[in-house]
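J.: Here is how the chains run, residue by residue.
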Amino acid sequence: MSEITINSYVILSTILFVIGALGVLLRRNAIIVFMSIEMMLNAANLLFVAFSRHLGNLDGQVLVFFVITVAAAEVAVGLALIVAIFRTKKSIDIDTLNLMKG
Amino acid sequence: MGNSFVFMLLAVIAVGSAIGMLVSRDAVHSALFLVLNFITIAVFYVVLNAPFLAMVQVTVYAGAIMVLFMFVIMLLGAERLRGMWGDRPSELVFAAFLGFLLVVTFLIALVMEGKTAVSANMIDSSPVALGLRLFEGYVFPFEVVGILLLSAMVGVVILTISNKRGKNV
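Heads up: the protein sequence lines correspond to chains A and B, in order. FYI, the numbering for the first sequence is 1 to 102, going by the working numbering. FYI, the numbering for the second sequence is 103 to 271, going by the working numbering.
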């Protein structure tokens, strides 16, 4: 079996990122939009680790550590916002959220 | 950077679970597909000489974050919405076209690059080495992330607390 190069990881990461971006653009359920954002972050993380391995440098892994931390904070705040929106509008369909004031 | 058979198998599972998340009608199914995707990426981390990050990926992402998602889905009872996609089908076609264009652009860039660079040798990436690197060069970002987590926690409590007593979800 032949060895895999960095190019394969770039392509795989791009495909995962595009699927996440399509989820953000197309789905109406706000929770699934959030899941798609998580997938985009994960695609970026995968590429960070792949380049860390490729270049023999540990800094990429440290950066992924920070990205995971920020993503955890972002999910907590985002889901709290979704719960708050659901309380006022009784729906999390993002096509119905067209007012700044509830 | 890994055996090509292992890579292809994992890549098929990762892309398949990502597409499953995108097209599932039920939000719970989407969440479970996303757990599968996260675990596949954790296996990629093991292949790529990052065992500590693989463990963090499983515990933090596939564990904590997805439990939070499942909890909110079931709390709100918002598994299914009436319409799954946006109102205009032209949006779907246009977004899919743009995504396809991005992948093709990367492919063209990689083909024009031509040469495949040789990877560096395996380095020590044990938790000890990672921790030393973190505290040698990244002490200030580490502190900033701590403050960020604290402020996020305070913000979440303020957002979800009910200002009228006795009136909850």
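It is possible that part of the hints are untrue.
Unchecked claim - Some but not every residue of chain A turned toward chain B, in silico, with C-beta under 10 angstroms:
(1) R27
(2) N42
(3) H54
(4) L55
(5) F65
(6) F66
(7) I92
(8) L97
Stated by the list, open to error - These stretches of chain A come out as covered by chain B in the derived footprint (C-beta under 8 angstroms, 3 or more residues):
(9) 4-15
(10) 32-40
(11) 70-80
To be verified - One-sided and incomplete, this derived list gives chain A residues near chain B with beta-carbon spacing under 7 angstroms:
(12) A44
(13) Q61
(14) A84
(15) I85
(16) I94
None of these hints come from the bench; they were simulated from the model. Just so it is clear, CB atoms sit at the ideal spot from N, CA and C, and this is done for glycine as well.
J.: List, from low to high, the hint numbers that the structure doesn't satisfy.
T.: Violated hints (numbers, rising): 8, 12, 15, 16; every other hint is consistent with the structure.
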